[in-house]
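Could you slot chain B onto chain A? The hints should help.
Here is how the chains run, residue by residue.
2 protein chains.
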Amino acid sequence: MAGFTDAEGVKRQLYLEDLAVGDRFTSAEHALDAQQIIDFGTQFDPQPFHIDAEAAKATFFQGLAASGWHTASITMKLLVTSCVPLADGIIGSGGEIQWPKPTRPGDLLRVEAEVLEIVPSRSQPTRGMVSMRCETRNQHGDVLQRFSPKLVVSRRPA
Amino acid sequence: MAGFTDAEGVKRQLYLEDLAVGDRFTSAEHALDAQQIIDFGTQFDPQPFHIDAEAAKATFFQGLAASGWHTASITMKLLVTSCVPLADGIIGSGGEIQWPKPTRPGDLLRVEAEVLEIVPSRSQPTRGMVSMRCETRNQHGDVLQRFSPKLVVSRRPA
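One line per chain: the protein sequences are A and B, in this order. Following my numbering, the numbering of the first sequence begins with 241 at its first residue and continues without gaps. Following my numbering, the numbering of the second sequence begins with 241 at its first residue and continues without gaps.
I should point out that these hints are in silico values taken from the structure, not numbers from a laboratory. Some clues are possibly wrong.
All copies of an identical chain are treated as equivalent in the list; a pair is satisfied when it fits inside any one copy or across any two copies.
Simulated crosslink set (DSSO-like; lysine-lysine; CA at most 27 Å straight-line) [as the list claims (entries may be wrong)]:
(1) Lys390 with Lys297
(2) Lys297 with Lys251
(3) Lys390 with Lys341
(4) Lys297 with Lys341
(5) Lys251 with Lys341
(6) Lys251 with Lys390
With the rest of the complex left out, here is chain A (with noise of 0.2 Å):
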């Protein structure tokens, strides 16, 4: 149902029992123009620094800068698409995000993942809870978004 195929054209579709804990994945990479972020922040954070390349140059940020939503929607589609294939979706109840520096025009976004913690459940034997640690790099290696998600990930079907 969901997973990915990968460059060598391979499906993959990971359950429950195939991660461990300190499992690492990397992304496909996004490239981000001026363009998409204003089309972004025009829809959903129409704020001055997101929406209008000059009047940004007077603001907090003193230049163009991506909605830090904008940054995280990007993340969620590279971990969809391209960096960690759980066979029935990547389904996530929140977690802590962090910005730590802003997103620019230019920017060649990539996402790592690591599971730091997998809980099976008690009361749902088909699933269990995986914690996960996403960081958003830049081609300079910059840490633009920090985020950690709690998942629900399903075991093999019977």
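Leaving out everything else, chain B in the frame of chain A:
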């Protein structure tokens, strides 16, 4: 620069000095439909439960549900355009986000925000950090998202 014009046509722009712990704000409403959910999901969270109402029935969500990042992005739009009129904009470094219930087609979203803590910066005399609690609810009062951001808020210019 930022802030917004309220329903009575009054331009509202708040600085750090204008905020007090316990201050509450309520946004306008956003009417969500299936097409918006599918459009956002297709672009940023292409999983069956976000992009295909029929396929979604056999998933964890048992029907079409919005990406959590879509709920977060709509929340930001409501905060910026009708909820918390900060003079230099709503600038957050991050926070804890939770999605207790799925956001569904037909939901009418609104945001309630409350000031939890105000900490003037020692190193930056022109601003401070403000902790808030932002709850996103639907027309039934269900809490769909809780977000507790720390915001950078400017003092009134001398």
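Q. Which numbered hints are broken by the structure, listed smallest first?
A. 5
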